[in-house]
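Listed below, chain by chain, are the residues.
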Amino acid sequence: MLEIKNLHATVGGKEILKGINLTIKAGEIHAIMGPNGAGKSTLSYVLAGRDGYEVTSGEVLYKGEDLLALSPDERASKGIFLAFQYPVEIPGVASATFLKTAYNAQRKYRGEPEVDAMEFLKLIREKTKELDIKDDMLKRAVNVGFSGGEKKRNEVLQMSLLEPDLMLLDETDSGLDIDALKIAADGVNRLRSPERAGLIITHYQRLLDYIVPDFVHVLADGKIVKSGDKSLAHELEEKGYAALSAA
Amino acid sequence: MAIRQETVEQVASVSDKYKYGFISDIEADTAPIGLSEDIVRFISAKKEEPEWLLEWRLKAYRHWLTMVEPEWANVHYPKIDFQDIYYYSAPKQKEKPKSLDEVDPELLEVYKKLGIPLKEQEVLAGVEGAHNVAVDAVFDSVSVATTFRERLEKEGVIFCPISEAVRNHPELVQKYIGSVVPYTDNYYATLNSAVFTDGSFCYIPKGVRCPMELSTYFRINAAQTGQFERTLIIAEEGSYVSYLEGCTAPMRDENQLHAAVVELVIMKDAEIKYSTVQNWYPGDENGVGGIYNFVTKRAACRGENAKVSWTQVETGSAITWKYPSCILQGDNSVGEFYSIAIANNMQQADTGTKMIHLGKNTSSTIISKGISAGKAQNTYRGLVRMGRKAENARNHTVCDSLLIGDKCGAHTVPYIENQSRTATIEHEATTSKVSEEQLFYCQQRGLSEEESMALIVNGFCKEVLQKLPMEFAVEAQKLVGISLEGSVG
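Here the protein sequences line up with chains A and B, keeping their order. Residue numbering for the first sequence is 1 to 247, as defined by my numbering. Residue numbering for the second sequence is 1 to 489, as defined by my numbering.
Hint data in this document are derived by calculation from the structure and do not stem from the laboratory. All figures in this text were calculated on a predicted structure; none of them were measured in a lab. Check before you lean on any hint, since a few could be wrong.
[To be verified] Here are the computed lysine-lysine pairs in the BS3-like style, where the Cα-Cα straight-line distance is at most 25 Å: (1) A:Lys151 x B:Lys433; (2) A:Lys25 x A:Lys78; (3) A:Lys139 x B:Lys467; (4) B:Lys462 x A:Lys134; (5) A:Lys129 x A:Lys139; (6) B:Lys433 x A:Lys139.
Could you build all of it, start to finish, from the sequences and the hints given here?
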């Protein structure tokens with residue numbers, strides 16, 4: 001599904017990613033852990049195609065295609081979803097409008113018929129019910145006045161609706177209490193399937209109790225310094241990053 | 001709700017830079033170029049006007065000669081040569097058409113190209129069962145088709161070209177014309193009084209709720225023809241009317257002057273809702289060829305509990321100079337101004353309102369949303385005046401500016417004059433930018449860059465868009481997206 005080969009990237013002229021190699025196959029969930037400033041969020045932004053995150057060398061293949069040649073919206077429509085660490089507020093745009101617009105934009109891109117308001121409403125109500133999210137959130141402007149937890153839940157709701165093939169979660173657990181964490185994890189687990197894959201960026205092992213990864217990688221100073229199975233996450237929790245990145 | 005959700009699709013479906021940039025070639029019957037007493041007399045004679053109106057025009061013309069062009073607005077343009085403008089042109093017709101079948105098919109084609117809402121196209125095409133929006137079509141200064149006159153007549157509503165009202169209802173026209181905007185008012189209004197060619201007249205009798213939204217489509221067509229529309233709406237005691245005005249113009253190289261006057265008279269317990277979508281040609285990326293729009297719009301709330309509400313979406317014109325105002329004379333009368341002004345590329349907009357509180361317990365609300373992109377300059381200029389007798393008068397102003405890119409400008413110039421000890425005046429203003437973060441967030445969900453921009457800007461304008469009648473809201477949302485094309489990246 002995703003092949004990252006010797007990826008180097010700079011932000012504002014400073015090299016942040018210094019040769020990442022990572023292969024994610026369909027059906028797999030990978031977790032990336034690491035200290036602050038290791039380049040975790042940069043990796044997610046590079047994959048999603050954010051402006052100002054410049055790839056200096058290396059390549060990324062997504063479903064065999066050169067991912068870096070695609071615009072952010074093309075990447076989204078081809079099934080890459082990034083759950084933001086800090087979801088952005090869009091005043092005046094109701095969440096329902098935003099979701100429907102995004103949903104139909106992606107369908108249109110893929111040559112599928114767009115859904116009308118009624119169909120969409122039915123669809124979104126199913127999702128909010130599944131995720132135990134109150135419908136009134138749909139009427140509120142996107143992320144405006146949302147608590148930290150609500151913002152993250154909104155991200156998970158968007159992801160459930162858009163049903164991406166590759167889920168990128170950037171510190172979705174930060175700022176969540178345990179109940180919200182469970183809901184978020186539940187959203188991801190519902191999407192888990194042999195056809196889908198996920199890359200979960202997190203600081204703490206806590207989220208991985210609920211979304212159990214197939215592989216865990218440690219990112220330090222722009223490189224993956226260690227890879228293993230889920231037991232690596234526990235090890236990190238006990239020993240800290242310093243010990244590992246020094247190794 | 002559903003309509004609002006369609007915005008982005010609609011924006012996406014419009015691909016041309018300026019799809020209304022076409023020119024139809026209906027022959028014009030034109031007065032000689034330039035302005036003189038003879039031209040004023042020519043116009044009056046063409047319109048078969050009574051003596052009193054000619055006299056009024058001439059008074060205005062003579063007064064205009066003594067005036068100087070105002071320069072206080074934050075707009076810059078080459079000096080207008082008023083002798084290089086045609087003041088009268090009309091599509092050639094042997095007789096006035098008696099029904100739509102007799103209307104020039106080319107005209108109907110023009111309306112189709114303009115994307116006039118289906119409902120109204122049906123009305124124009126004369127489809128049976130088409131309803132509820134009466135269109136008094138103003139084409140090149142002369143009204144060509146008027147629909148639904150009969151149904152309105154049943155209610156006693158008069159809705160017709162103003163030249164016709166001059167003939168059929170002279171007592172009403174004579175009583176009210178110039179009563180809100182006198183012929184001495186300002187440079188452009190005075191010019192308009194001298195040379196106005198057409199416009200709409202609307203009279204709603206006592207206690208009548210107008211059974212449909214009234215709408216007029218303006219269109220500037222013949223090259224170098226200034227348009228001087230004059231609109232007069234009178235709402236008698238306890239009546240209500242919603243009036244829609246929408247405009248587009250063809251692409252042209254020369255600047256075109258437009259100086260309209262709109263007068264609204266609102267009696268006790270009556271209400272007028274006046275909505276405008278203005279999409280005149282703004283000029284190209286370098287500002288060449290756009291329309292100059294110098295408009296005087298004013299409403300007088302003459303009786304108790306009278307209410308007026310101006311809603312405008314201003315996306316076009318090279319220069320916009322426009323301040324729809326409310327004179328709140330009757331006790332408890334209410335004035336509202338909801339505005340979206342978009343300036344892109346080299347456009348300049350200086351727009352706002354005046355709320356003149358004279359009566360007790362009068363209240364006014366101003367919500368202004370200014371959007372600047374490209375190298376455009378967008379100025380909000382608003383006056384709130386509380387007179388000595390305006391006890392417990394209230395005003396609330398919200399003035400928000402949105403900037404796209406770093407070469408444009410937003411300016412807010414509020415004037416507040418208070419002579420009332422018990423009045424309350426509130427002014428809020430914000431300036432924000434469309435952030436890279438917001439655009440990326442939308443794109444990450446699958447929206448293209450331009451769709452993202454349209455969505456964010458429509459969100460910013462939401463409070464005002466909600467005030468528009470349904471059929472206009474759709475068009476307005478489309479325009480918001482179209483106007484900002486090319487502003488990203």
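How the hints compare with the structure:
{"no.": "1", "hint": "A:Lys151 x B:Lys433", "in the structure": "22 Å, holds"}
{"no.": "2", "hint": "A:Lys25 x A:Lys78", "in the structure": "16 Å, holds"}
{"no.": "3", "hint": "A:Lys139 x B:Lys467", "in the structure": "18 Å, holds"}
{"no.": "4", "hint": "B:Lys462 x A:Lys134", "in the structure": "23 Å, holds"}
{"no.": "5", "hint": "A:Lys129 x A:Lys139", "in the structure": "15 Å, holds"}
{"no.": "6", "hint": "B:Lys433 x A:Lys139", "in the structure": "24 Å, holds"}
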